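Asker: Kindly produce the complete structure, drawing on both the sequences and the hints.
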Amino acid sequence: MPKDMSFLPEDYLEKRVARRTNVICISLFVIVTAAIVATFFITDKQVDDLQKQQLSVNHRYEEAAANLEKLEQLQNQKLEMIHKAEVTCVLVERVPRSRLLAEMTNHMPLSMNLLEFKLETKEEQNSRRARTSLERAKQTQNNKKDAEKQLIVVPEKITTIQVVGLAPTDVEVAQFLTALSAHPLFISPLLQFSEETEVVDRKMRRFRITMKLNQKVKMQDVAPKLVRRELKNNPMDSDMVITEEGPKVTSHQVMPTSYKAFNRNGGQQ
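Under my numbering, the letters of the sequence shown match residues 1008 to 1276, in that order.
Just so you know, these hints were derived from the structure itself, not from any lab.
Source: prediction; values computed, not measured.
Note that CB positions come from ideal geometry on N, CA and C, so glycine has one too.
Honestly, I wouldn't trust all of these hints.
Simulated pairs of lysine-lysine, DSSO-like, Cα-Cα distance not exceeding 27 Å [said to hold, decoys possible]:
#1 K1059 with K1125
#2 K1164 with K1091
#3 K1085 with K1164
#4 K1223 with K1085
#5 K1091 with K1225
#6 K1125 with K1225
#7 K1223 with K1091
Label pairs and their calculated CB-CB ranges [to be verified]:
#8 P1103 with V1206: 29 to 37 Å
#9 L1035 with Q1061: 45 to 53 Å
#10 K1091 with V1206: 22 to 30 Å
#11 E1205 with P1116: 18 to 26 Å
#12 D1228 with K1164: 14 to 22 Å
#13 K1232 with E1087: 36 to 44 Å
#14 S1195 with K1225: 34 to 42 Å
#15 K1164 with S1105: 16 to 24 Å
#16 Q1182 with T1204: 15 to 23 Å
Answerer: Below you can see the structure in the form of structure tokens.
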């Protein structure tokens, strides 16, 4: 007998094959549907996580933007304070004239005399090139944005110093010029001329030196030069006495016996 020979009806066999096919198809459908649903939930979960991360990033970005805005405001305040300080420094004299004259005198040789001292201050005028149309348009746009934040423009000042003096020889003039060149207060000392002249039957050198004053120097950083100048006669080495003719100043001279001198307490001696 053949192996595949069956005594079952053919209808039953066909229905059995159809049921098996249906079960397989349904199983495959369920598996595919479950896979699709699982994929959907996983994708939705990932999208939700990405949205949360995006919200977190946006929140941190907003915080960073707020911090940057505060930092920019602080920078603007700092620049405004610096500008106000610069305006104040320009209006206030940085280098006192007494200190300037003292530094120049202390750096002079002892045998030198100054005849003239001229100090002149001018505003610096910077020559500017013509701007293009693009630069003018950009400047107009910036002016509209910063119309409320206009700062006072203070022109820079240039102080020129000119001295005329007498010296025994050109050696003292060279020493003085070298001392001025090494000093932080003075910029570009220049000898205009040095000529021979006669003063009280004595040949001297008359000279003129011009220089610029350093406006950016900090006087607290400049140590003053101390020069010891000894006098033959001390002008303070004297006694004040009151006589019958009135107060007189004497330099350790013997007072006449007819004069009445008084001590500091007002008593008679």
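Asker: Are the hints correct? Go through all of them and say.
Answerer: Each hint tested on the structure:
Annotation: proposed proximity of K1059 to K1125 is violated, straight-line Cα distance about 76 Å (limit 27 Å). Our distance criterion of 27 Å between C-alpha atoms is met by K1164 and K1091, whose separation comes to about 16 Å. The suggested pairing of K1085 with K1164 holds, with an alpha-carbon distance near 24 Å, which does not exceed 27 Å. With a C-alpha separation of about 20 Å, the suggested pair K1223 and K1085 falls inside the 27 Å cut-off, and the hint holds.
Between K1091 and K1225 the alpha-carbon distance is near 18 Å, which keeps this suggested pair within the 27 Å criterion. A hinted pair counts as satisfied when its Cα atoms are at most 27 Å apart, and K1125 with K1225 qualifies at roughly 22 Å. A threshold of 27 Å between alpha carbons decides the hint, and for K1223 with K1091 the separation of about 16 Å falls inside it, so the pair holds. Distance hint check: the CB atoms of P1103 and V1206 are about 32 Å apart, consistent with the given range 29 to 37 Å.
Between L1035 and Q1061, the C-beta spacing of about 38 Å breaks the proposed range 45 to 53 Å. Separated by about 51 Å at the C-beta atoms, K1091 and V1206 break the suggested range of 22 to 30 Å. A hinted range of 18 to 26 Å holds for the C-beta pair E1205 and P1116, which are about 20 Å apart. Restraint check, D1228 to K1164: a C-beta distance of roughly 21 Å satisfies the suggested window 14 to 22 Å.
The given range of 36 to 44 Å is respected by K1232 and E1087, whose C-beta atoms sit roughly 38 Å from each other. At roughly 20 Å, the beta carbons of S1195 and K1225 sit outside the given window of 34 to 42 Å. One distance hint, 16 to 24 Å for the beta-carbon pair K1164 and S1105, holds here, with the actual separation near 19 Å. Our hint of 15 to 23 Å for Q1182 and T1204 holds, since their Cβ atoms are close to 19 Å apart.
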